[in-house]
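Trainee: The residues making up each chain are set out below.
2 protein chains.
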Amino acid sequence: MNDKERPQPETSAGATALSLRRVAIDTYQENVAFMHRHCETYRAEGFRALNKVRVRAEQRQVYAVLNVVDDEAIVGPDEIGLSEQAFDQLELEPGARAEVSHAETPASMDAVRRKIGGARLNEADFRAITRDIADNRYSRMEMAAFLVATGESGLDREEILHLTRAMTASGQHLHWDERQVVDKHCIGGIPGNRTSMLIVPIVAAHGMLMPKTSSRAITSPAGTADTMEMLAEVNLTPQQMHEVVRREHGCLAWGGRARLAPVDDKLISVERPLGIDSPGQMVASILSKKLAAGSTHLLIDIPVGPTAKVRHMNAALHLRKLFEYIGDRLGIYLEVIITDGSQPIGCGVGPALEARDILRVLENDPEAPNDLRQKALRLAGRILEFHADVRGGYGYDIARDILESGRALEKMKRLIRAQGAREGDLAPGRRSTEIAATESGFVAAIDNQQINRIASLAGAPGDRRAGVDLLCKLGDAVTAGDPLYRIHAEYSADFEFAVARAREYSGYRIGDHPPHRTGFSEF
Amino acid sequence: MNDKERPQPETSAGATALSLRRVAIDTYQENVAFMHRHCETYRAEGFRALNKVRVRAEQRQVYAVLNVVDDEAIVGPDEIGLSEQAFDQLELEPGARAEVSHAETPASMDAVRRKIGGARLNEADFRAITRDIADNRYSRMEMAAFLVATGESGLDREEILHLTRAMTASGQHLHWDERQVVDKHCIGGIPGNRTSMLIVPIVAAHGMLMPKTSSRAITSPAGTADTMEMLAEVNLTPQQMHEVVRREHGCLAWGGRARLAPVDDKLISVERPLGIDSPGQMVASILSKKLAAGSTHLLIDIPVGPTAKVRHMNAALHLRKLFEYIGDRLGIYLEVIITDGSQPIGCGVGPALEARDILRVLENDPEAPNDLRQKALRLAGRILEFHADVRGGYGYDIARDILESGRALEKMKRLIRAQGAREGDLAPGRRSTEIAATESGFVAAIDNQQINRIASLAGAPGDRRAGVDLLCKLGDAVTAGDPLYRIHAEYSADFEFAVARAREYSGYRIGDHPPHRTGFSEF
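Order-wise, the sequence lines are chains U and B. In this note's numbering, each residue carries its 1-based index in the first sequence increased by 47. In this note's numbering, each residue carries its 1-based index in the second sequence increased by 47.
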């Protein structure tokens, strides 16, 4: 190396480092760095083709996509800006001295490219990929490449096992120090269907340990965490969860605070908008979260229906085998139940409306939606049968007894108090309109996806009072002009979006006779 | 529909529309819209999960990813901001009244999901996909999903044909009204290798029509357009190109201005950072551009080598068949030549250094790199043989005669004048250092990718004087301490990045004996 002409290494000296600035832009799941086009230290254009930069300050670092800025009001030539999320990850004050360097394509992208080429990956590959994703080294584009390459038939069973293990290893774990920790999970896609908020009080009232962590909605109108938040605090630390569970044998908390599955959260934020959701990724996502949450016994609910995530019984059976195979190898006791996913469960879709349905069931209100009540009792019954002392087939009766006696409602009140009660005003959004049947006959089909879409457009879950309230279900006789459902919203623009969508296509099909009902399948 | 409670449709009225603002952030290939978190008209959070919004003003519209802003200095609650690129697409003044709505996932993403599931797509699918990409309806994530799903073995020959036709249809076309319009294309990946700037003057001097449109570098240290721009204007309108070509029979212009392949440009901006480059996409990308450019006769150069894009002769032959199959069906006369891609061609890597090499060859300078000269003569010879009057095997001699007689240099000077001469100062970057051999022996291997990487880090092509100047090539005898190459840069940070990378791994392997040379393969 001929060093004669080599200038002083200015960039590694503090003298030329940039001043860190928080740019008040919320870039959601992608870290973004902002550099002025005429930056004093770096040639901003030089970073661009490579897509990511590494910003380092005081021994900490974040990876971010670089945007070049032409306005000193956003970042000056002596500054490096970070979007809100990226800035928060550094946990530093504005003005800290920061250096920027090229972020190489993460090394594990080689494995992704091998996968695209049809290769089989081993556990070390999956661990490297999940580690790089956890460290924010993957752009959303790169995550999309990984998801597509491993989507559909892209992963064999062993690879799914590797991926599940790698995802479990990427996050924090909860430990309950109990022989039996029960849990349930529905693969999703059915509007309403908020059974967990009934099952947890029933099962916990029976004395079994059911510390339930749930997600918030990503593209659906409500997650269990969103609906529970109508009644109680859900943003619990692992410490707070432990306290609630020790006292009440259960909880209904948001899982995000516990950082059980940081990689899964990032992947889902790409997967959902892309609309890809392959069996392998679904199994790895669900089981890695349940393992991290410390579950020992798990009931999986797979709804099947023409507009559900799983549309045919064959696909449901394939998925069930996959859950069983991976669950057995990871030492989790797992049962899969295949349910009727041909229409929404309950009437309300959206946090406030769903919470109303749940309270009605708990209160044994005659207006409570019976399909929600029945489904919750059946699932709770199966979980109760995980207990060695409950004879097979008797779980349902025990669950019903707990519900009808008011012990489930009592347990729910105790859970709400333990987690921290919230206002509990469940009045739906002020703006509302009814969507009516355009012909007479019987409700022959309800499109789950369209109902979800309309409730989302109306503002759910961000606007907690927004959503859809179903007034008719499958098989109901209707006359032209009868209301099928009511749309609720708080904000005028959201209301317009939802009503326009519902007018275009209501999601209901009216036929000459009631549909042939396949009913509830249990295995 | 019960309209009693329905409020006035405020959002479709101009009264509540937002004021359009240009946000001076260059988000490169992705359109971004900026909305204040407390926007007066819309609930900003409501748009987020869906990933894209449509901003409409005065009958025009753009699709953009939404970022939520918490700083009125960037956008106010009554404004909708657009990144520089997105704003320019609308071609409106700031302050125009704009409405925002949910951008649905583009309908053609259904076809992409079918492709992920293993389905075969038809021409209508590919046309819908390319149309949606051209309209900026695809996010970068969605483009990544398309690229991965159609990558590697994901497309059969008929699908590649459909994709090529769809991409050709997506852009503008050039028409030359001539029986024979010749062109060449190298699939890329080899540093230096700037043969087009020698071939065009030779072929045009022979009177054949060669209107060459080239790309700028995306992740490589220079494209032909970047290097030609050292000497002449390349940013020509189709009209200007026609004038130059009518007068001189050739041109060396940047293809971007003519908008020949808007979809390809967008896909490449995702493909390159992901490092995926499948045969099907490559063939569709290259042939759609050449068809749009009006070429009738085309020579394709496929370099093969351990660090080239194509690493084995079998893969090169497969790619050649694919080019031939698609080319024949699209009615383009096409020949493929497989060349030695085991090392860089020429000495300079980066716009100024490459331009210097080219001028030396044109000037018959004894210091001109002979490998660049030989390769250009062979390729030019094959193109000359496209002419009915040139007997097979005689093209090389004619090309050499045109070069040695000075007619090629004369033609290049005329092309530069016709396109508009630029300064032409080719002095390399002020900062420079030499990377030396650490042992004695023979240069046994040169890593094309590492040389490209070092030249890019040094600043090429954005910094036109930056790059790498090779002092040894394969087979050269070296003694420990001898310089292998020189790094040039203008900016201190870039210089540091490049030198650090070269010190980590020079890209050169020194062995005990010269490598076995496979030489030049022609077919």
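Errors might be hidden in some of the hints.
[Claimed, not checked] Think about it this way: if two alpha-carbon atoms lie no more than 20 Å apart in a straight line, the pair counts; the simulated EDC-like pairs of lysine to aspartate or glutamate are: (1) B:Lys520 <-> B:Glu537; (2) B:Lys313 <-> U:Glu92; (3) B:Lys313 <-> B:Asp182; (4) B:Lys368 <-> B:Glu205; (5) U:Lys313 <-> B:Glu92; (6) U:Lys520 <-> U:Glu537.
I should point out that these hints are in silico values taken from the structure, not numbers from a laboratory.
Trainee: Mind checking the alpha carbons of B:Lys313 and B:Asp182 for me, to see if they're no more than 20 Å apart?
Mentor: holds (11 Å)
Trainee: Holds or violated: U:Lys520 and U:Glu537, Cα atoms, limit 20 Å.
Mentor: At roughly 25 Å apart (the allowed maximum being 20 Å), U:Glu537 and U:Lys520 break the hint.
Trainee: Taking 20 Å as the top limit, are the C-alpha atoms of U:Lys313 and B:Glu92 close enough?
Mentor: Answer holds: U:Lys313 to B:Glu92 is near 18 Å, not above 20 Å.
Trainee: Is B:Lys520 within 20 Å of B:Glu537, Cα to Cα?
Mentor: violated (25 Å)
Trainee: Holds or violated: B:Lys368 and B:Glu205, Cα atoms, limit 20 Å.
Mentor: Between B:Lys368 and B:Glu205 the Cα gap is close to 13 Å, so the pair holds against 20 Å.
Trainee: Tell me if the straight-line CA distance from B:Lys313 to U:Glu92 falls inside 20 Å.
Mentor: At roughly 18 Å apart (the allowed maximum being 20 Å), U:Glu92 and B:Lys313 satisfy the hint.
Comparing the model with each earlier hint shows violations of hints 1 and 6; every other hint is respected.
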